[in-house]
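Undergrad: Here our numbering runs 383 ahead of the position in the sequence shown, where the first position is 1.
There may be inaccurate statements among the hints.
Claimed, not checked - Straight-line C-alpha distance at most 16 Å; calculated EDC-like pairs for lysine to aspartate or glutamate:
id, residue 1, residue 2
1, Lys700, Asp660
2, Lys628, Asp638
3, Lys567, Asp586
4, Lys577, Asp660
5, Lys628, Glu640
To be verified - Estimated spans, in silico, between C-beta atoms of each pair:
id, residue 1, residue 2, range
6, Glu715, Lys577, 24 to 32 Å
7, Ser692, Pro655, 31 to 39 Å
8, Ala680, Glu560, 25 to 33 Å
No lab work stands behind these hints, which were simulated from the structure alone.
Since we're looking at a predicted model, the values are computed, not measured.
All C-beta atoms in this analysis are idealised placements derived from N, C-alpha and C, irrespective of residue type, glycine included.
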Amino acid sequence: MKKYIKIMTAALLLAGGSISAQDVALTNAKLERPGMMKTYGSACFTLIAEDGLAVTIKPLAVEVTLSKVEFDLAGIEGFNSEFFYWEQDPFADNVIKGTLINNIPSIDNDGGGAQICIPVKRNNANQYRDARNGFQVNVVPGSVIQGGNSGTDETSRFGFSSGVFSAQNSGITANKEHENVAVKWEVEAYDESKYFEIQRSLDGITFETIATVEANKNPFDGGQYSFLDDQISEELSKTAFYKVKSILNDGQGRDSEVRSVDFEMSYVSIYPNPTSDRFTVSTMLKGSANQLSIYNANGTLVSQNSNVSNGSQIDVKNLTPGVYHLQFQNKEGDKTENKRLLVIN
Numbered sequence: 384m385k386k387y388i389k390i391m392t393a394a395l396l397l398a399g400g401s402i403s404a405q406d407v408a409l410t411n412a413k414l415e416r417p418g419m420m421k422t423y424g425s426a427c428f429t430l431i432a433e434d435g436l437a438v439t440i441k442p443l444a445v446e447v448t449l450s451k452v453e454f455d456l457a458g459i460e461g462f463n464s465e466f467f468y469w470e471q472d473p474f475a476d477n478v479i480k481g482t483l484i485n486n487i488p489s490i491d492n493d494g495g496g497a498q499i500c501i502p503v504k505r506n507n508a509n510q511y512r513d514a515r516n517g518f519q520v521n522v523v524p525g526s527v528i529q530g531g532n533s534g535t536d537e538t539s540r541f542g543f544s545s546g547v548f549s550a551q552n553s554g555i556t557a558n559k560e561h562e563n564v565a566v567k568w569e570v571e572a573y574d575e576s577k578y579f580e581i582q583r584s585l586d587g588i589t590f591e592t593i594a595t596v597e598a599n600k601n602p603f604d605g606g607q608y609s610f611l612d613d614q615i616s617e618e619l620s621k622t623a624f625y626k627v628k629s630i631l632n633d634g635q636g637r638d639s640e641v642r643s644v645d646f647e648m649s650y651v652s653i654y655p656n657p658t659s660d661r662f663t664v665s666t667m668l669k670g671s672a673n674q675l676s677i678y679n680a681n682g683t684l685v686s687q688n689s690n691v692s693n694g695s696q697i698d699v700k701n702l703t704p705g706v707y708h709l710q711f712q713n714k715e716g717d718k719t720e721n722k723r724l725l726v727i728n
């Protein structure tokens, strides 16, 4: 759905002359990514202007900053080249500037203009949580806008949908339901997924596809999805790991985060699992002298803590990513419980 923001400032009114406001059609539509890598997207807007108008396109702050958005100057060459000349801002690595070199003609009787699409990419293609980044169009003072007078330094903002798999943002879940496991995930509107692969692992490293789920036929709807894993065998008597792979229309795939499910009757649970820095112990074992031993995949003891109780936080930042076996033992030595922990980057 298009949103329209009218730019009509006091500067325009005081400068005299025509007071025709610039209409900028701001779009958050499905991405147009012809021939681009999966890390690219397009930020699109509609602009009406005359020769000599200079615009600056730059990223705004994001709510959750795991990887910032940057513009790719090489990827932008040829994009709207009949209208704009693009150059890197020498004072800011993440800013490019485009100067209008030809009139952008009106395309309808309502004063509309040509659509401008700016290709962008993320610094880190492994991070998907910045799916809603903002961009800013600054009209340089002295520019002529739709017959209006000079002196405006107004800003228009428009949304950008990166088209990434959003299960990470929405929170994929995997939970026991009686003897089964319910896997649920959600995607945003404008998602480009064709179908989803539900994958399961016994060790948190090697995953196999156990089912596929077709995506909604209308990608603009987004939606919630679920799958019930009712093929639980004895080999899953301790811990299993689940993730969802989104297969895009171009055949490329993107993984969600991994979720773990414990199947055994337990006096101890740990969360989050997987983790990259620390986990919390939830236990019904009484006292504060329970012992925790951590072993790597080769069976080597890598850490030991003899003062573990309910709510204890265990630091694992120094552990190499991989699968670890945890052994809990109460102070009397008559109860022992084993867990598996997946440490990730």
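Undergrad: Take the hints in turn and mark each one as holding or not.
TA: Hints, one by one, checked against the model:
no.	hint	in the structure
1	Lys700 x Asp660	4 Å, holds
2	Lys628 x Asp638	4 Å, holds
3	Lys567 x Asp586	21 Å, violated
4	Lys577 x Asp660	34 Å, violated
5	Lys628 x Glu640	9 Å, holds
6	Glu715 x Lys577: 24 to 32 Å	56 Å, violated
7	Ser692 x Pro655: 31 to 39 Å	19 Å, violated
8	Ala680 x Glu560: 25 to 33 Å	30 Å, holds
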